[in-house]
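Undergrad: Residues per chain, in single letters:
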Amino acid sequence: MKKTEIKGILREIPEGQRKEDKCHHCGGEFDQGIVEYNEHYFCCTGCRTVFQLLNEGGLEKYYSIEERTGNTVGRFHKDKYAYLENEEIRDGLIDFSDGGVTRVQFYVPGIHCSSCIWLLENLNRLHSGIHQSTVNFVKKTVDVVYKEDDLNLREVVELLAYIGYEPSVSLRDYNKKDRPHTNRSLYYKLGIAGFSFGNIMLLSFPEYLDELSYLSSDFKILFGGLNFLLALPVFLYSSSEYFQSAWKSLRKGYVNIDLPISLGIVALFFRSSYEIFTLTGSGFMDSFTMLVFLLLVGKWYQGRTYQALSFERDYRSYFPLAVNRIRGEKEEAVPVRDLRNGDVIALRNQEILPGDSILLSDSAVVDYSFVSGESTPISKTKGDKVFAGGRIVGELTRFEIQKEVSQSYLTKLWNQAAFQNENTRYESMVNSVSKYFTLFILSVAVLSFMFWYFETGTGVALNIFTSVLIIACPCALALTLPFSFGNTMTFFGKHRFYLKNAQVVESLFRADTVVFDKTGTLTFPGDAAVSFRGELEQEDLSAIRSITRHSTHPLSKIIADHLKQHNVVEISGFREYAGKGVGATVNGIWFKIGSGEFVGANPEVETEETSTVHVSRGDQYLGSFNIRKEYRKDIGNLISDLKSDGLEVHLISGDNAAELENMTRHFERSLIHFDQKPQDKLEYIEKLQSTGKNVVMIGDGLNDAGALKAADVGIAVSDDVYTFTPASDAILDGSELRNISRFIAFSKNVRAIVQLSFLISFLYNVVGLLFAVNGKVTPLFAAVLMPVSSITVVSFITIAIRFLASRKKFDFSP
Amino acid sequence: MSAIYILIGFSLLAALGFLGAFLWSVRNGQYEDSYTPSIRILFDDEPLENSESKDTNSNKINNPKQ
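Residue numbers (this note's numbering), protein chains in the order written: chain A, 1 to 814; chain B, 815 to 880.
Hints should not be assumed to be uniformly reliable.
Here are the simulated lysine to aspartate or glutamate pairs, EDC-like style, with alpha carbons at most 20 Å apart [unchecked claim]:
1. Lys139(A) / Glu846(B)
2. Lys385(A) / Glu351(A)
3. Lys139(A) / Asp847(B)
4. Lys61(A) / Asp858(B)
5. Lys22(A) / Glu60(A)
6. Lys412(A) / Glu312(A)
7. Lys412(A) / Asp675(A)
8. Lys580(A) / Glu395(A)
9. Lys299(A) / Glu846(B)
10. Lys494(A) / Asp512(A)
11. Lys557(A) / Asp314(A)
12. Lys139(A) / Asp314(A)
13. Lys80(A) / Glu312(A)
14. Lys78(A) / Glu332(A)
15. Lys385(A) / Asp655(A)
16. Lys500(A) / Asp847(B)
17. Lys643(A) / Asp512(A)
18. Lys500(A) / Glu846(B)
Partial list, derived from the structure: chain A residues whose beta carbon lies under 10 Å from chain B [said to hold, decoys possible]:
19. Lys61
20. Ile65
21. Val138
22. Arg184
23. Tyr187
24. Tyr188
25. Gly191
26. Ile192
27. Gly194
28. Phe195
29. Gly198
30. Asn199
31. Phe219
32. Phe223
33. Leu230
FYI, nobody ran anything at the bench for these hints, they're computed from the structure.
Ideal Cβ placement from N, Cα and C applies to all residues, glycine included.
Produce the complete structure using the sequences and hints provided.
TA: Below, the structure written as structure tokens:
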């Protein structure tokens, strides 16, 4: 790229003379002055550079699709992506590479509007080495195909980061080749079953109307033969998974719903084929293909999930792929898993510590918000032990690795047994029903076979036997759960409670115990109550705001935000003292903002819930800001609601017991547990389960990951559901936490609906069976009964759940 | 009545054609992203000569690091 001359200069333009009131690129405020370029205003040189780049690439249309939509361009260290030049890492990331053309998929969290799609799909106009780029908006991914000769992976990532679409490259992206491809076979099966069903319907129709036998036998042979040919792929391919599943469960010694379905399918197909080939009847091929088609539709309906959300994230989605290791004077990027004990690594601002380490630099500020939900960073000094998972805030920091990545305090949680196997602790509702159902059907079939065998003979008896199996095939029963759970899932989704899959509804209505994490779950991470002890004048407040807004420290941000109605004044000599505070000169007076020691105040006792920030002006101590964590609104009501619904409510927190008194107002003393390590949380859940409890765990950070996994329903609370949440069964928007008792109550109502629709489908079966044992089942009768029963059940469920949803009053927090 | 044989044959052929089209579209990945194409179709194509002249320009821009 030709050297970009900085044409725009940072300067202040008075508000009245501005042509635009927001940054032309990102729509941001002009907090730090205005950069003017080509008659447009920008909030920083980053935004201006992107504008210039897009302009020169002929991509100015980006700004006309949606206005001021660019992402604020984050600055990154020039070697941040150097590790992508490492062959091993590159091979693990790319999808395939062939003949100099490489294809790679990135997850780009910054994709948010149609301009993004347009720009990212026109990357080839910014760089000729990029062959093609395709965006998936819902999944926020971009597939890039590029020519190896012209640019390498590092340059692709840097190009994306440079225009404000920094891809998230984490340990999880490694070994993409191992990941399973999306399963398309359900679509194939559905398509083939639908095709055969429709055509067999048409071909069977003449027979139904043919009361007086107008059809010549030639036609019967033709229609029968065609029906058989069309039904064959449905039998062999579309219904294959029902056979497999039934066989698998039989070998494990239990009966699932797929067994009576498979029996019905086999009876339908062979009875029909027999009738067709012996010219004794027209067979039930239309009922057979319809059955398979409806079942597959149910499967598809149940399988719809939230593509944009990830329920599978573990520490690997969050840990870096590589870090810079220092050997002598040389600094080189190494894959994280190659780190060994004793290695010295260097981390920059916002980078994550991959293993438990000892701090080698003088001081460091570490932010553990992803791990514990605690948003206030912790200061560490030389020689301190620092646990993995912390994000470094501030300048370059050196660490010595003490434990390898997979053996660290946090990450060894994933070696636990709870992560090795999927927990299916109890038989699903439909399978426990189908056990008795299958037994009942088989005995009816055998009994009526015996009765008719002695009455007439084998021929009729076999007919009756297969009719019973056909008519009893639990199509409506099998559709009950997909549709009731699927509808519930959609309803919950509207209230920002996203389930991983439909089965979670079932676990939710069994729940009798709710366990809460405290920090980040019950407390609100962003919100804090700020108060000042001492006297401050207007100018001081303006000075404090102007200084703190330059700092990236979360406490500074809280204070700057708290003072946002005050003016911004010019400051000079701004300095950030890692782990201590910040300082700057305003109107010739040196201000210090930070810890008591740094400012020169008496050290005060800080609790987990409050942080104190001291301020001095020149030599004069002014006072301190007291920043207290806020609990989410209505926590008290939520917990009393849960209790009155008969649920047991527990609290487990990794913090010390400072808030014990506050918590005993809501929770019973014996059910509150402080100082719990991630491992303890997991064991606590398992202990509850061993006493027969069905546990819902509500947490937010990586330290809850074990408990979330072990619980029957793990719910991750997040204030932005699209950002990081640990692996869980459900993701709940933080503002909807208040409604969790209503979600559980709703799911218990869904159980009643499911039971009612089981009853309806049994009634249909009983009616059908009455006809079947008397030998009155005709193909037409079967072809009518099956869709009628399925449609009644499905519409009953849909209407009942809609009705329930319209009656439920949900609290909408503003 | 023999016309019916031909008609049935044709109707099945037509239906098979649609089935083939469906299977091809699944294979092509059309069911994996049902949202983005709805936006993509609204972008106007730009005149060809314009984009070509820009192409030579963009060749110069190939290292964003500087």
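Undergrad: For which of the previously enumerated hints does the structure constitute a violation, in increasing order of number?
TA: Checked against the structure, the hints that fail are numbers 10, 11 and 13, while the rest are satisfied.
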